[in-house]
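As they're listed, the protein sequences go chains A and B. Here the first sequence is numbered in the numbering used here, starting from 1 and rising by one per residue. Here the second sequence is numbered in the numbering used here, starting from 1 and rising by one per residue.
Accuracy of the hints is not assured; some may be wrong.
When chains are identical, the list treats them as one kind, so a pair holds in a single copy or across two.
To be verified - For lysine to any residue, the following SDA-like pairs were computed, each having C-alpha atoms within a straight-line distance of at most 25 Å: (1) K53 - K161; (2) K161 - S73; (3) K133 - L184; (4) K106 - D59; (5) K189 - N138; (6) K71 - N36; (7) K106 - E66; (8) K35 - D175; (9) K106 - N36.
Worth flagging that the hints you see were computed from the coordinates, not collected in a lab.
Residue-level listing of the chains:
Number of protein chains: 2
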Amino acid sequence: MNYPNKIKKEKQTISHSNRGMNLEYDLDLTNNYYKNNNIALIYKKATPIKVTKIQNVCDNKAIIKEGFFQKKSTTDYNGVYKGYYIDFEAKETKNKTFFPINNIHKHQIEHLQRVIENKGIAFIIIYFVSLNKLFFINGLDIINYIKQNNYTNIKIDWIYKYGILIEQKYKPRIDYIKIIDKILEARWKKY
Amino acid sequence: MNYPNKIKKEKQTISHSNRGMNLEYDLDLTNNYYKNNNIALIYKKATPIKVTKIQNVCDNKAIIKEGFFQKKSTTDYNGVYKGYYIDFEAKETKNKTFFPINNIHKHQIEHLQRVIENKGIAFIIIYFVSLNKLFFINGLDIINYIKQNNYTNIKIDWIYKYGILIEQKYKPRIDYIKIIDKILEARWKKY
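Bound-form chain A, shown alone:
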């Protein structure tokens, strides 16, 4: 059956929002959309692996025979938007009433702190799977939370108060750049 384009799109949007998201996959789609439309250039960092055994084969090629996944000392994503440095971590939880803060490692928080000290734009995206809600949390807010409350889990009320709800759309799926625009606007107004 041939739907006119507009209806087709609406149908897809609805079906998408019904089924919930796959955070990593949808962020990949979003970042590809940003790249292909010259909006921003954001990459997922490779997982660091400690290689302990290598077998050399022909043509300078090597097969890894033993290796270990290492803990990331930084965050998942970084890149550039309008010349500004962007750095963030994306997390999801099945909890409905709080975000388990041990999902974010101490050295990741330290990394976000350093990004902020170097005037980069640092944040966390949290996806509440059961609520099908996605929040943008400013890096500074999460750091201040930890300073005041130590590493206690973050209640959903706090998330509603300090977080910014990210709209789930068809294209791009997770339009976090829209929120960065507002942050930059506020930055410029200060000067």
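Please arrange chain B on chain A, whose structure you already have, making use of the hints.
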């Protein structure tokens, strides 16, 4: 024997400049220096590895039993300086008269192009081992070179004309941020 601090430092500087550099190691030292002195936050990206076999052991830990190094689709280093996005590749050559351009992959050049389109600061550091000379080449200059000359090797005369010589020091070893300062100054003057 106890030298006064100043003399000690001078001795180290001299011995360092005599022995030449280890590009990757000296860049790591430089980036650590920038980080520890709150000057900039620049990281070496992890090498992407395609993991094809995993063995699960206790405590959610896994050993990689087979994997392959993948070609990097981007560059070696990125990060943030004063809020600006920084992205570069570092290469060395033993040639004295030219830089073999196939040292830089096509998709890395495309990546630098995208960084520039997104107003990031993109460049290449080239170390001529036999000359013990280190050059900063603006990303746009290398892209323009390739547009005009295709992928022919870059003669040292071109490097002297378009590159900026990076001073080798004791701390930090490779002070490329100094050159970025000049680039930013020129950027601001344009407005």
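Verification of the supplied hints:
1. K53 - K161: neither (50 Å within a copy, 44 Å between copies)
2. K161 - S73: So K161 and S73 fail the 25 Å test inside a copy (29 Å) and across (40 Å) alike.
3. K133 - L184: within (24 Å within a copy, 40 Å between copies)
4. K106 - D59: between (42 Å within a copy, 20 Å between copies)
5. K189 - N138: within (18 Å within a copy, 32 Å between copies)
6. K71 - N36: between (31 Å within a copy, 21 Å between copies)
7. K106 - E66: Classified as neither; 28 Å inside a copy, 31 Å across copies.
8. K35 - D175: Cα proximity of K35 and D175: one copy only (13 Å, versus 31 Å across).
9. K106 - N36: between (34 Å within a copy, 18 Å between copies)
In the structure shown, a violation is registered for the earlier hints numbered 1, 2 and 7, in ascending order.
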